[in-house]
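Chemist: Take a look at the letters that make up each chain.
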Amino acid sequence: MKLEIEGVQFSYKSTPVLNNISLNVEEGTVLSLVGPNGSGKTTLLKCMNRILNPKKGTIFLEGKDISKLKAKELARFLGYVPQSAHDSFPLTVFDTVLLGRIPHLNFKISDQDKETVFAVLTLMGLEEIAFRTFNELSGGERQKVLVARALCQEPKVLLLDEPTSNLDLRYQLEVLSIIVNLVKDKGISAVMAIHDLNLASRFSDNIVMLKDGVIYAVGEVREILNSKNIREVYGVDTTINNDSGRPYVIPLAPVAKGSE
Amino acid sequence: MIQKLKAAEMRETYSRATARKVTFIVTGVVVLVGITLLATSLGTADLSVKSVFNAILAKFLPFIESENLAETVVWHLRLPRVIMGVIAGIGLAISGTAMQGVLRNPLVSPFTLGISSAAAFGASIAIMFGVGFTASGTYLIILNAFIFGLACTFLVYGISWIRGVTPETMILAGIALMYLFSALTATLQFISNEQQLQAIVDWTFGSLTRAGWNGVFLVSIILVIALPFLIRYAWAMNAMASGGDEVAKSLGINTSLVRIVSSLLAVLITAAIISFTGVIGFVCLVGPHIARLIIGGDHRFLIPYSGIVGGILVVAADTIGRTAFSPAIIPVGIVISYLGVPLFIYLILTRRKEYFQ
Chain A
1 MKLEIEGVQF SYKSTPVLNN ISLNVEEGTV LSLVGPNGSG KTTLLKCMNR ILNPKKGTIF
61 LEGKDISKLK AKELARFLGY VPQSAHDSFP LTVFDTVLLG RIPHLNFKIS DQDKETVFAV
121 LTLMGLEEIA FRTFNELSGG ERQKVLVARA LCQEPKVLLL DEPTSNLDLR YQLEVLSIIV
181 NLVKDKGISA VMAIHDLNLA SRFSDNIVML KDGVIYAVGE VREILNSKNI REVYGVDTTI
241 NNDSGRPYVI PLAPVAKGSE
Chain B
1 MIQKLKAAEM RETYSRATAR KVTFIVTGVV VLVGITLLAT SLGTADLSVK SVFNAILAKF
61 LPFIESENLA ETVVWHLRLP RVIMGVIAGI GLAISGTAMQ GVLRNPLVSP FTLGISSAAA
121 FGASIAIMFG VGFTASGTYL IILNAFIFGL ACTFLVYGIS WIRGVTPETM ILAGIALMYL
181 FSALTATLQF ISNEQQLQAI VDWTFGSLTR AGWNGVFLVS IILVIALPFL IRYAWAMNAM
241 ASGGDEVAKS LGINTSLVRI VSSLLAVLIT AAIISFTGVI GFVCLVGPHI ARLIIGGDHR
301 FLIPYSGIVG GILVVAADTI GRTAFSPAII PVGIVISYLG VPLFIYLILT RRKEYFQ
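Order-wise, the sequence lines are chains A and B.
Be aware that the first sequence starts at 1, since it is given in this note's numbering, and climbs by one per residue.
Be aware that the second sequence starts at 1, since it is given in this note's numbering, and climbs by one per residue.
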């Protein structure tokens, strides 16, 4: 399902966070949002699923203005994975993932809903901790559960905020592979805010580089991840290694302040 | 192969977990009914369990014979009191569960919104000046307490509406108003004469002594109207209580609406109950926690189960209160703390620490 963002602008009180953001997310692709802290990645994600309402601009889902959709309807198309979660009243892993069915059900859960939960838990390798309480889990396990809940929504577009920030090396690869495979197999699309440029390089089709709330660069991974862009956006000198066929960023040193 | 085994195991655990929850609820209902009957058969008038049962049944089944005295004691004194205890417990505990869920805070109850101190203030005005929203009579105090309780909540809403209906603003505004109404009540107590003071203090104790069929009837109507709505919000509460507002919104839930409607219903139930009974606050806070520790955080089960736990707690406390030092009657509002605090502390000490993180 195609997601189009047109001229989105957002500010918290009087502090502008996003300015005139326009971009398209094509079906069957993974788009990574990268940029320094405070560049507006998370805010943009939240505008996309109406957790926040942009001051200006429109977001279209398959040509339809999302601000005109009912919240429940929108939730059937967009799955959201928050950066982290802390539960005051934790549920079991099963019940947490089951929440993903809310947009699809009235009150009673059907056998099919249960089957979807079982399938997602199996896909994410969470069978053995399915009846543990969410707060008992490690950071990595929690993040996998949050991804599982979004998958359980059976969304057409997955929005992920730092899905790998708490994961160890193996989990990072596992979780991102699962997401990429789903995107390719089911023809859905994914937008993720991510700090790790090398994971972005390896797992996404396109990259958007944000700087101070505006799009600094957008395009295919290879076009965007170069030393010049990274220096401009992050203020870090890097060398790029292309041995694996994808750009691999090796950071060298922060650019000295005032040298520009 | 291992995959399949794991999946089968998961399914089995799921069935067992669900069966366990259903068992807890069924057992709870049985205990509640049992304790209700037991409470009805205990009291100053020395009636046998059999004559109490006969007196109850005789009302429905004309062919059963019972003594006149037993019928009078049971139907006029004990049953209204015990049943008021049951529905007060159910209503207060469910209100607490709903408030804790939508405000995502284990320390809140409808009382956090200042409702009890406002109701106490309303009752105090009625007691001292005999003025209020009805002409006169017993209902003056009840109605005054009810209206002040609700009015305070609307003030809380008004304040949070300006700042955004978040748990933080609602709780802070509620606590501020709670202190305001406490100060107002204290002011009234300060200028009251001895009899008035006695009446005000009596009211704030929380007691089922004043319970009658009218109160039972009115509170039941409010419960019957409000509970289906709260249960219907069980999913929304699951999402809001466990994941927070952002997650709930991303699942298509209108969090502000759920928060306002649920807390309004909780407050309505609570105001209705405490205007008849006075302040029985503790069950609102502790009932939900006990239920949650036993049956887990899924509101589809938690809401009914916390009601059952609340009913048991109040009836048990009231029965102890009126039999332990008979003929003296200790108000249920006092006994329930003596009963609930040790139970609660026990649960805090024994429960896995994740629950409190």
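It is possible that part of the hints are untrue.
[Unchecked claim] Output of the computed footprint for chain B on chain A, the stretches with three or more beta carbons under 8 Å from beta carbons of chain B:
#1 88-95
#2 117-128
[Stated by the list, open to error] Beyond 12 Å from chain B on every Cβ pair, some chain A residues (computed):
#3 Gln83
#4 His104
#5 Asn106
#6 Gln112
#7 Leu169
#8 Glu174
#9 Tyr234
#10 Ser244
#11 Lys257
The set of hints was computed from the structure by calculation and includes no laboratory data.
All values derive from a computational prediction rather than experimental measurement.
Every residue gets a Cβ at the ideal spot worked out from N, C-alpha and C, and that includes glycine.
Chemist: Given as covered by chain B, does the segment 117-128 of chain A meet the bar of three residues or more with CB within less than 8 Å?
Modeler: holds (count 5)
Chemist: Under a C-beta cut-off of less than 8 Å, do 3 or more residues of the segment 88-95 of chain A approach chain B closely enough to confirm the stated coverage?
Modeler: holds (count 7)
Chemist: Would the non-interface assignment of A:Gln83 survive a Cβ cutoff of 12 Å against chain B?
Modeler: At about 10 Å from chain B, A:Gln83 fails to clear the 12 Å cut-off, so the statement is violated.
Chemist: Measuring Cβ to Cβ, find out whether A:Asn106 lies farther than 12 Å from everything in chain B.
Modeler: Violated: least Cβ distance 9 Å, not greater than 12 Å.
Chemist: Verify this label for me: A:Tyr234 is non-interface relative to chain B, using a Cβ-Cβ cutoff of 12 Å.
Modeler: holds, 27 Å
Chemist: Confirm or reject: A:Lys257 is not an interface residue toward chain B, with every Cβ-Cβ distance exceeding 12 Å.
Modeler: Per Cβ check, A:Lys257 is outside 12 Å of chain B; nearest 35 Å; holds.
Chemist: Hey, is A:Ser244 genuinely clear of chain B, shortest beta carbon separation above 12 Å?
Modeler: Answer for A:Ser244: holds, closest chain B Cβ roughly 31 Å.
Chemist: Compute the least Cβ-Cβ separation between A:Gln112 and chain B, then decide whether it is above 12 Å.
Modeler: About 15 Å separates A:Gln112 from the closest Cβ of chain B, which puts it past 12 Å; holds.
Chemist: Hey, does A:Leu169 actually stay past 12 Å from chain B on C-beta?
Modeler: Label holds. Min Cβ-Cβ 23 Å, cutoff 12 Å.
Chemist: Would the non-interface assignment of A:His104 survive a Cβ cutoff of 12 Å against chain B?
Modeler: violated, 10 Å
Chemist: Is the nearest CB of chain B more than 12 Å from the CB of A:Glu174?
Modeler: holds, 15 Å
Checked against the numbered hints given earlier, this structure breaks hints 3, 4 and 5; the rest are met.
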